[in-house]
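Colleague: What follows is the residue order along each chain.
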Amino acid sequence: MTDEVMTNQGVTDQAARSEFHPRWYRERVSTWWWLGEWHYLKFILRELTSISVAWFVVLTLFQLRALWHGPETYARFTGRLQSPAMIALNLIAFCFVMFHAITWFNLAPRAMPVRMGGKRVPEFLVAAPNYVLWIAVSVFVGWLLLRTP
Amino acid sequence: MMGESTTKPSNEAFLWLLFSAGGVVAAVLIPIQLFLFGLAFPLGWLPQPSYEHLMALLYSPLARLYLLVMCSLPLFHWAHRFRFTLYDGLQVKHLNEVIFAFCYGGALLGTVLAAYLLWSI
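For the record, the sequence lines run as chains X and U. Read in order, the letters of the first sequence correspond to residues 1 to 149 in our numbering. Read in order, the letters of the second sequence correspond to residues 150 to 270 in our numbering.
This is chain U alone, in the form it adopts within the complex (with noise of 0.2 Å):
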């Protein structure tokens, strides 16, 4: 009880930092990303970048650092945001823990796997 005590609010103000820092993030590159290969792109607003360019894009280690940070830094946010309206929103407050392992364990695993994709193109 004692330990929990301790730990928890470093813990929250830890996960805190990532939510905060991953809605700038989120804020700042999502809106542009996804308008463009969401919507200008598939409906013929925007000529289509060819898959040569991309991997052009790509080649530039800066380019992954910056889509691994797109990736993982706005899960994080999600993480956060998702599991207090599922504790606030839905009241499953007894499922707290099964929440909290859901969200954090998804962003953990959405950032390995971005990782993974950047380090092996």
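Chain X with its partners taken away, still in its complex shape (with noise of 0.2 Å):
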């Protein structure tokens, strides 16, 4: 019992002879490390972003699957859609995805910084054309969505 008490204290000068390395100690981070800053919490909703993504392809699914069901089953998806708690989910979903196209748009200035003349092109200037593509996009599919056939 002695011995063994005397080996555990003697482990720093032991160390280098020992047959298991000691453990140093480390502070253990919390789980919700990334609450305290805002810098860090941005990181973590975008992140979490992926999850309304993955929602909304579920509710494609869902969608499509009516779809091929026939009229009465899809006229019974839009009705499901239509309760507060969809709405509700929906409108979540949407601000995180509005969140995720704007923090990726913004990313690609970081990512291609563009040069021109010697002088770095604003950030705003390089994010544009996606934000242009993005509009032009929208205005497409709803107007394909929209149209009177």
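None of these hints come from the bench; they were simulated from the model. Bear in mind the structure is a predicted one, so any value in this text is a computation, not a measurement. All residues carry an ideal CB built from backbone N, CA and C; glycine is no exception. Treat the hints with caution; some may be incorrect.
Label pairs and their computed distance ranges (CB to CB) [to be verified]:
1) X:Ser-30 x U:Ser-209: 49 to 55 Å
2) X:Val-132 x U:Val-247: 39 to 45 Å
3) X:Gly-79 x U:Leu-166: 37 to 43 Å
Dock the two chains into a complex; use the hints.
Modeller: Structure follows, in structure tokens:
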């Protein structure tokens, strides 16, 4: 017993000869480390947008399945989307997806700094084409769905 | 061990490419789609497109390809981000393999389901 205590106490000088590497003291990072600072929170929120992306795809798969089954099933599907819970869920998902889109588009100038005449082109000018494409595609999709045949 | 260290980086690069492509598709296409089908149509802000109108759109192979891309790539985007959220956010590194299988398995399953539905509609 006393021998054991002795060896444990002598761990620092015996480290080199010891069979087991001594375990250094390390403070465990809390699971909620990202709540403390806006920077970290933003990072985690951006990571969480992926859940909304997945949710949208699942919703689309259900929509396709309803279309596949026929007009009655599709009417039931659109009826379900009108429930307050679904509206709330989709509103949250929409906010997250917008957050993803905006942070994604603004990332482009960081990932690919453009220089012209030795000067760096301002970030908003590099990101601008992304926004133009985004608006054009959105208008086109809206037009396809809303035009009266 | 050797094999793992030589194959892993190239795998990661490929998965990162899928993540990146999915990120673009999700950013460009999902906001308008979710806004219309999830909010504007159910709340009556805009007239709901009829079943016949949607089926007429789906008749075009281009529309089906569009929907397949819109479902598949964002799922791989999700898989990448979500697995790192679980690794880092919750510090569950010991479950890496399970998380990896769940995320990419889910993305593959979603892609297969979308392809099947779009093929048979």
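Colleague: Against this structure, judge whether each hint is valid.
Modeller: Against the structure, the hints come out as follows:
| no. | hint | in the structure |
| --- | --- | --- |
| 1 | X:Ser-30 x U:Ser-209: 49 to 55 Å | holds (52 Å) |
| 2 | X:Val-132 x U:Val-247: 39 to 45 Å | holds (42 Å) |
| 3 | X:Gly-79 x U:Leu-166: 37 to 43 Å | holds (40 Å) |
Hint check: no violations occur; every hint is consistent with the structure.
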